[in-house]
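Number of protein chains: 2
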Amino acid sequence: MPDPTFGYVTPENLALFTDRYELTMMQGYVETGHEPAATFSLFFRKLPPDRGYLVAAGLEQIIACVEDLTFGQRAIAHLEAQGFHEGFIDRLAGFDFSGDVRAVPEGTVVFPNEPLVEVTAPIFEAQLLETLFINQVGFPSLVATKAARMRDVIDRAGDGQSLVDFGSRRAHGTDAGMKAARAAYVGGFDGTSNEAAAEAFGVPAYGTMAHSWIQSFPTEREAFEAFVDVYGEESILLVDTYDTVEGTALAMAVAEERGVDVVGVRLDSGDLVELSKEASAIVEDASIGADDGADDGPGVFVPSGVDEYFLAEFLAAGGVATGFGPGTSLTTSDDAPKLDAVYKLVAVQQDGALAPSMKLSAGKVTYPGEKSVRRIEEGGEYVRDVLGRRREGGPGRELLVDVYRDGELVYDLPSLDDVRDRRAREVRRLPEAVREIEEPSTYPIEVSDGLERLTRELQEELVAQVGD
Amino acid sequence: MPDPTFGYVTPENLALFTDRYELTMMQGYVETGHEPAATFSLFFRKLPPDRGYLVAAGLEQIIACVEDLTFGQRAIAHLEAQGFHEGFIDRLAGFDFSGDVRAVPEGTVVFPNEPLVEVTAPIFEAQLLETLFINQVGFPSLVATKAARMRDVIDRAGDGQSLVDFGSRRAHGTDAGMKAARAAYVGGFDGTSNEAAAEAFGVPAYGTMAHSWIQSFPTEREAFEAFVDVYGEESILLVDTYDTVEGTALAMAVAEERGVDVVGVRLDSGDLVELSKEASAIVEDASIGADDGADDGPGVFVPSGVDEYFLAEFLAAGGVATGFGPGTSLTTSDDAPKLDAVYKLVAVQQDGALAPSMKLSAGKVTYPGEKSVRRIEEGGEYVRDVLGRRREGGPGRELLVDVYRDGELVYDLPSLDDVRDRRAREVRRLPEAVREIEEPSTYPIEVSDGLERLTRELQEELVAQVGD
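Residue numbers (our numbering), protein chains in the order written: chain A, 521 to 988; chain B, 521 to 988.
Bound-form chain A, shown alone (with noise of 0.2 Å):
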């Protein structure tokens, strides 16, 4: 039988999941007796295809992670056996966040080379973070971006529909599913399909029937009808069992015979742009729902294959539906599965003082030191950002707020709510042309005068200490 704590992440072996590299390197900080402050910018260098922006989340997962983050009896045993040092392990067993972080709220939109966490604390601490820290943000990123496109698809060309995320079965592994969810919430979904995390989140969840309800019972009238006994009002039937129009008219009959206004029916099969049209012709026609004043009647919901791609195309051929569950598409964020998302240093004590550091690379840039990244807004759009150095000032709106201030806590966190508002009104800012599902527009990003200067200096220096 396979060992109960089998595979599962928990507070007890969190600090474990981290590379190797990183504990060697700590170990490496210890015996040497090399321990500067640092900084570490977690940022990516560009955005996944057909993105022209990317939702930030993932921070209140990764304060939480901060909290959680201390070696236990399990953890330690574990090290003790690999053979790392004695000093080292009882320094970890010590292990108590003491420094700064400073991070973008989530729901914000963000772009290449803008970091969404600084962290500044003992290089001994800050390492530890990064593989955690990168795994926390970039997932819940990528499916808030993907919700947010879809959400704005039909902001822009639909009605107001509703989605839900159906998609945690496909999501790699089970904290993939509970992000996707919440992640899905922040990117403007109403709710999801799992049950687990509308308890961790409080997001609401939804659901009805699989074809396997109507396939259980003799035929599906029979199923139908035991549904409606059982859910009344609450019931949405799936119609593709056997065939899509004649379900959806045996729904309505079982509805109407009963005397239920149910919520609707669900296609999930075939030329849904064209079924859901017929569908919906047959469900406006049905006696039911029509003379309460309180509702429209029953829906037409399409929750398979639903991307925004999909989604644009459902709209602009004339597709009829009350609602969507993306799942697949959105939990692995499928055209975009990776968020190329790296944790730097660029910064260093040195003469007690951090020193912007960089290194040398072929093709890319890692802009040096602590950063300022402030968006400038012009009649209610965003019009630029400009990448600068930390308290360099400027115009705009600084994006990087306090969280940990000398291993405090010191960031109010907004509610899932809150987090999804502020998504929307950012996405709304962007100029139309970023907000494109396909070859979307490149949003200026501005380094500041101060960072290029700096960022120049230092590429000189290395250039010629390598020259030497």
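Read the hints as simulated data drawn from the structure, not as lab findings.
Each hint should be verified, as a subset may be incorrect.
Since the list gives no way to pick one copy over another, a pair counts as held whenever it fits inside one copy or between any two copies.
Calculated lysine to any residue pairs in the SDA-like style (CA-CA distance at most 25 Å, straight line) [said to hold, decoys possible]:
| id | residue 1 | residue 2 |
| --- | --- | --- |
| 1 | K884 | E766 |
| 2 | K884 | Q985 |
| 3 | K884 | G790 |
| 4 | K566 | D763 |
| 5 | K566 | R973 |
| 6 | K797 | I808 |
| 7 | K884 | E753 |
| 8 | K884 | D788 |
| 9 | K566 | N633 |
| 10 | K566 | D855 |
| 11 | K566 | L835 |
| 12 | K566 | Y829 |
Following the hints, position chain B against chain A.
Frame of chain A, contents of chain B only:
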């Protein structure tokens, strides 16, 4: 401060990791007294792009889930608050899986329409497992496959180079990082950088240093010296922070001065084929390790941006490396991040016996009834599989084995090394053309006469019913 239970999936909330509709249907089954036994089959309809086979993985996780699947206080409180009914919740509180599970052992290669798992149980129980089972099997199988493809490229064109999973940071959450590390090992990797996965699964952990180590010291030389002083002959030095070729020379100089036979150097950027050749030449010329019969002197490690396509090109172009560290491409299965695995009702109890069931669906067939999968081998090579009805018999080896019988675990879990060996044997027996990493040939899957006939009969019956 976030709730300490924030987002973790543990045995406390695992049973809630399901789609709302599963619970809705289960409540419906209870309240209508409709509780036949049923068989559900977990399979995929088509292979991901460029895949000629899939390596099955995740069965051990499935077993761990079944063992942990209980509705405790936390889950019950949530379901009460969501308005589920008392009688149903009482049933959940006593949930204890009582059915049968048959499955393909981990490490087996599988093909479209072949069940990876079949569950026969009271429909109330079998329905609950859908979301979790698909979630637990799909992703590990994708990663095991990706890993197996990389290992196979090296087996066919390489020199036994090591492969280590370096991708936890880009995995979709912590669970994905854990599952990917395990699946990579199944697929033929030598280990992982993920310390938590090493602890949970007993997989070797590897890792050396990041650029932050180098940058945190005033000079690259001081960084190398400090590392070698701590780690001696275990050292792998990262040489591309400023200039890869000069960095390699410096690393060897430091190793020689200290008289330490380091493991090697690590390249991380630039033209890796050319740089690997130059670095290898420098490393070979170094006067360390040469007269030590026990090893071949320092190696060259290439960790970044590696996938099976890169490996094939790198080796074809004469790149020289001792080991590789695939990351993002592995842990997100980036060119194929989704498997269209489904869990379909294929039989339902009628008049006391299980009767095969199917639905009509445009463009796709779900074969009805409990299955058999038989693999035919000739001259040490797999030549075809036969998908048939359970107990139909026929030539070849049956792939589906008993895992649970009447709720009892009857399967002896193999060690992870045994699973890894199985994968090696299985992949090696596939026709070469099926193993190609681009445009592989289709492995032949026959449908048995018995299953063909049953499918036709049920289709005709359903068409006749719909026509009524």
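Against the structure shown, which of the earlier numbered hints fail to hold, in ascending order?
Result: hints 7, 11 break, sorted rising.
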